Amino acid sequence: MRPPPVPLAWKNLAHDKVRFALFASGIGFAVVLMGVQYGIMNAMLDSNTVLIERLKGDIVLINPNKVSLLFREGVSRRRIAEVEGVSGVKSVTPVYTEYSIASLRHTANDPAARTNTRRIRVVAVDPNADALDLPGVTAKDWQELNTPGTALYDRKSRAHPDQVNHPGESVFGKLEPGARTELAGREIRLVAGFEMGFDFGTDGSVVVSDRTFEKWVREPYYPAEPMAECDIGLVKLDPGADPKVVKAALEAKFAAGDVLVLTRDEMVSREKSFWWTNTPIGFAFGAGVLLGFVVGVVICYQILASDVADHLPEYATLKAIGYTNRYLSWIVLQESLILAAAGFVPGVLVTYGAYLLLTEITGLPMVLTPGRFGLILGLTIVMCVSSGLLAVNKVKKVDPADVF
Amino acid sequence: MSSDAQNNPSPTPPLRREGLNPAPPPFLGEGVGGRGSSPLPPPGQPVLRIRGVNHYFGTGDTRTQVLFDNTLEVMPGEMVIMSGPSGSGKTTILTLIGGLRTLQEGEIEVWDANRGDYRTLRGVPEPELVNVRRLIGFIFQRHNLFDSLTAMQNIRMAQRLKESAADPDEAARDILTYLLLGEKDIQSKSQKSRFDYKPAKLSGGQRQRVAIARALINRPKLVLADEPTAALDANSGLAVVTLVQELARVRSETDLQKLVRPAEEAGENGRLAEWQVPLLRKIATEHGTTSLIVTHDSRIMNLADRIVHMERGRIESNVVVAERLFVREGLRQSPAFAAILPEEQEKIADSVLVGVHPNDPVRPDHLAAKPGCVEVYEPGQAIVRQGDAVNAESKFYLIRRGIVDVSRVVNGATQKLTEMGSGRYFGEVAFLMDQPRNATVRAITRVEVYTVSRATFDKFRSVSLPFIERVLANFRAGDGTPRT
Numbered sequence: 001m002r003p004p005p006v007p008l009a010w011k012n013l014a015h016d017k018v019r020f021a022l023f024a025s026g027i028g029f030a031v032v033l034m035g036v037q038y039g040i041m042n043a044m045l046d047s048n049t050v051l052i053e054r055l056k057g058d059i060v061l062i063n064p065n066k067v068s069l070l071f072r073e074g075v076s077r078r079r080i081a082e083v084e085g086v087s088g089v090k091s092v093t094p095v096y097t098e099y100s101i102a103s104l105r106h107t108a109n110d111p112a113a114r115t116n117t118r119r120i121r122v123v124a125v126d127p128n129a130d131a132l133d134l135p136g137v138t139a140k141d142w143q144e145l146n147t148p149g150t151a152l153y154d155r156k157s158r159a160h161p162d163q164v165n166h167p168g169e170s171v172f173g174k175l176e177p178g179a180r181t182e183l184a185g186r187e188i189r190l191v192a193g194f195e196m197g198f199d200f201g202t203d204g205s206v207v208v209s210d211r212t213f214e215k216w217v218r219e220p221y222y223p224a225e226p227m228a229e230c231d232i233g234l235v236k237l238d239p240g241a242d243p244k245v246v247k248a249a250l251e252a253k254f255a256a257g258d259v260l261v262l263t264r265d266e267m268v269s270r271e272k273s274f275w276w277t278n279t280p281i282g283f284a285f286g287a288g289v290l291l292g293f294v295v296g297v298v299i300c301y302q303i304l305a306s307d308v309a310d311h312l313p314e315y316a317t318l319k320a321i322g323y324t325n326r327y328l329s330w331i332v333l334q335e336s337l338i339l340a341a342a343g344f345v346p347g348v349l350v351t352y353g354a355y356l357l358l359t360e361i362t363g364l365p366m367v368l369t370p371g372r373f374g375l376i377l378g379l380t381i382v383m384c385v386s387s388g389l390l391a392v393n394k395v396k397k398v399d400p401a402d403v404f
Numbered sequence: 001m002s003s004d005a006q007n008n009p010s011p012t013p014p015l016r017r018e019g020l021n022p023a024p025p026p027f028l029g030e031g032v033g034g035r036g037s038s039p040l041p042p043p044g045q046p047v048l049r050i051r052g053v054n055h056y057f058g059t060g061d062t063r064t065q066v067l068f069d070n071t072l073e074v075m076p077g078e079m080v081i082m083s084g085p086s087g088s089g090k091t092t093i094l095t096l097i098g099g100l101r102t103l104q105e106g107e108i109e110v111w112d113a114n115r116g117d118y119r120t121l122r123g124v125p126e127p128e129l130v131n132v133r134r135l136i137g138f139i140f141q142r143h144n145l146f147d148s149l150t151a152m153q154n155i156r157m158a159q160r161l162k163e164s165a166a167d168p169d170e171a172a173r174d175i176l177t178y179l180l181l182g183e184k185d186i187q188s189k190s191q192k193s194r195f196d197y198k199p200a201k202l203s204g205g206q207r208q209r210v211a212i213a214r215a216l217i218n219r220p221k222l223v224l225a226d227e228p229t230a231a232l233d234a235n236s237g238l239a240v241v242t243l244v245q246e247l248a249r250v251r252s253e254t255d256l257q258k259l260v261r262p263a264e265e266a267g268e269n270g271r272l273a274e275w276q277v278p279l280l281r282k283i284a285t286e287h288g289t290t291s292l293i294v295t296h297d298s299r300i301m302n303l304a305d306r307i308v309h310m311e312r313g314r315i316e317s318n319v320v321v322a323e324r325l326f327v328r329e330g331l332r333q334s335p336a337f338a339a340i341l342p343e344e345q346e347k348i349a350d351s352v353l354v355g356v357h358p359n360d361p362v363r364p365d366h367l368a369a370k371p372g373c374v375e376v377y378e379p380g381q382a383i384v385r386q387g388d389a390v391n392a393e394s395k396f397y398l399i400r401r402g403i404v405d406v407s408r409v410v411n412g413a414t415q416k417l418t419e420m421g422s423g424r425y426f427g428e429v430a431f432l433m434d435q436p437r438n439a440t441v442r443a444i445t446r447v448e449v450y451t452v453s454r455a456t457f458d459k460f461r462s463v464s465l466p467f468i469e470r471v472l473a474n475f476r477a478g479d480g481t482p483r484t
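Just so you know, the protein sequences line up as chains G and U, in that order. Reminder that position 127 of the first sequence reads as 127 in the working numbering, one-by-one numbering, no gaps. Reminder that position 316 of the second sequence reads as 316 in the working numbering, one-by-one numbering, no gaps.
Please note: incorrect hints may appear among the correct ones.
To be verified - The list that follows gives simulated cross-link-like pairs (lysine-lysine, DSS-like), each with its CA atoms no further than 30 angstroms apart:
#1 G:Lys396 <-> U:Lys162
#2 G:Lys17 <-> U:Lys201
#3 U:Lys198 <-> G:Lys397
#4 G:Lys17 <-> U:Lys192
#5 G:Lys11 <-> U:Lys198
#6 G:Lys56 <-> G:Lys244
#7 G:Lys236 <-> G:Lys272
It should be emphasised that the hints constitute simulated quantities derived from the structure, not laboratory data. Here the structure is a predicted model, which means the values were calculated and not measured.
Working from the sequences, and respecting the hints, build out all of it.
Here it is as structure tokens:
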């Protein structure tokens, strides 16, 4: 009979509670560093894909050259209409976006409240097609949008930089239902607000009907065939239809290569990939995450190395009485895992708090999804275990002969 | 009666002193001759064998030799005291025996009771050394307990290394209680047990006792200790030493009860409480533990079975205490040596020692290692013959083991004068009187005899000449004629 194992790693760490709390806060600090940097990086990328995620459809059809929403590469409405007959397809709805031409200027009665012309993203759909998921926008609002010259506005448009004198205002001025302003030089009336947020390409968005879009944005610039192309063909599937099967069928249909068939998630990934590779976001914030990781490795190594140094005679004694290097290494690795857990819990709580605070301050969508939670946890474990593996060398070098 | 032996019968029976030359305990020598799981090595074989061990520290130009051709054998159940000045190599040799250092030159073999065979330490990889370490109980001068663990948990760390039939917690509590860390003190009064105390709440002596409990909890067959009792009070020290002794060999109830004495009688030697004795029996269910102890504690030194003295990296002397006492007593009983200066007499005795307990037979390698010290005769062989001339080759004999027959031819007829056994001697009259042997001594059984050469005798005789003259005067009758 052998006695139950002694939780030596835990006992060694938790023996001095104040010291342990300091250890945990050290690791927690590194977790916060990584978490916040990673969060900002994701927020930057997420902000560019909010529109895509709000599309109420399973499959999207786009121009293969449209590597980002920003690019003015349309797909033929006639071509996308061809998918109506494909098995499993319920409907296809054109979605229009405009970044470069559209601009908004607040024409408030008070001259001081008027703003300069500023570019804005215009998203246009058939209000009756149920193509966009915009919480806060009622069916009545959608119906009202059928009236030409009406628009839905983004309550989370970039905030006015002078919030002291312009509290709650966006860079487009004070946006509220019933407000009248100018879109592309023509008056529109704001019907209701939604929340989407700004991104790299725009300071905010308005949603209009396809007819308003045609009259306000397209006809002045593309008088011949203003609505011949749309930016996204949004495909809804019949209930029970397998998206993979339908997608394969659509790909077969568009084998000529003039239309790219993607799931909505694939389009999100494609958009993020564009921003990741074409901007320094990945490098800058990836370096921030790496910095947090390295800081964590150093802190954790210092903790483990000092623990080994403090217990050198005891570890030497364990070796002398017959414990193996493998066992002692496992003790150090257990300590690293305990530190990971002890640092992660407060660290991730602080990180979550920081996300809420930064979202409130900046408007960036900092979201701690289960996947991101898992990644930060994984990074924390790898960080501590890496330190543990470095510290293992110290314990391996303990000479049992030193005990005499 | 003209035999040397007959004329000078040694009255002392074979030495059987308590603790020094005990009758072979039932467990000793019970190892099986073949291989297989056996707690002890085959009869007459050591539990630890060191041969020609050299050791160096440093490399290149700084390489320094610290051990020089050391050879030692330790028999099962022996308590060996390592003595010598600081830097003499005691600790280094202990670390080599314990597998804590890599053996560079020479050979060390440790009996592995689990395998029923010796484990050699030469050239073995680290995992093998780990197995050797598990055979050994280490007691260090510094306790090296984990501050974060309680006394029980520190002991459990050692218990985790070995399967045991006993309830581990009960075993740990028993040994801690025996070492006065339980619910009773030496005066049998109740006290708060220290089982769940962490080292910070224990005194230096209490910590050391926990460390000793950790070392002995798995009943190792070999204990290596460095000043184990240095931090202990008299009663705790006695409890530790008694436990080590009990793990070595079974002691009688009477012997143990002698240690249960009033405080005023105990003095610096310490005492055991009445309740400790049955607990000791309960703890020490296995015997045959050998211990190598580096110590300057005279209380332990006096209990040693073997004293190994080291100087400048060499084993200068390796004395089995019982053998030394056996030979000294034998020489002291002989009138030929009785008058030699005591220190010279001791030198003669030490010069013939072979480092084997007188109860154990010598092996050919012992004879080869110390040539001329012990001679072995098979039954029927003559050791001395009547009429042999005394010359420079003549010797004095002290019977180590076996029985001899002393006879003399008188008028053509052989007369048996006597039989002699262990501890008796013969041959000294011829030495002193320069006369031919006056009787024949023949081995009846296999006989081992210590021999002192004429040259050795003469050397010490010259030093002690005035005393020899006095001895001669004793031998002369009142008329001045020598006795026969």
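Hint by hint, here is what the structure shows:
1. G:Lys396 <-> U:Lys162: holds (23 angstroms)
2. G:Lys17 <-> U:Lys201: Answer holds: Lys17 (chain G) to Lys201 (chain U) is near 17 angstroms, not above 30 angstroms.
3. U:Lys198 <-> G:Lys397: Holds, because 27 angstroms separates the two Cα atoms, which is no more than 30 angstroms.
4. G:Lys17 <-> U:Lys192: The hint holds at about 26 angstroms.
5. G:Lys11 <-> U:Lys198: holds (11 angstroms)
6. G:Lys56 <-> G:Lys244: The given pair, whose Cα atoms are some 17 angstroms apart, holds under the 30 angstroms limit.
7. G:Lys236 <-> G:Lys272: OK: Lys236 (chain G) and Lys272 (chain G) at ~23 angstroms, within 30 angstroms.
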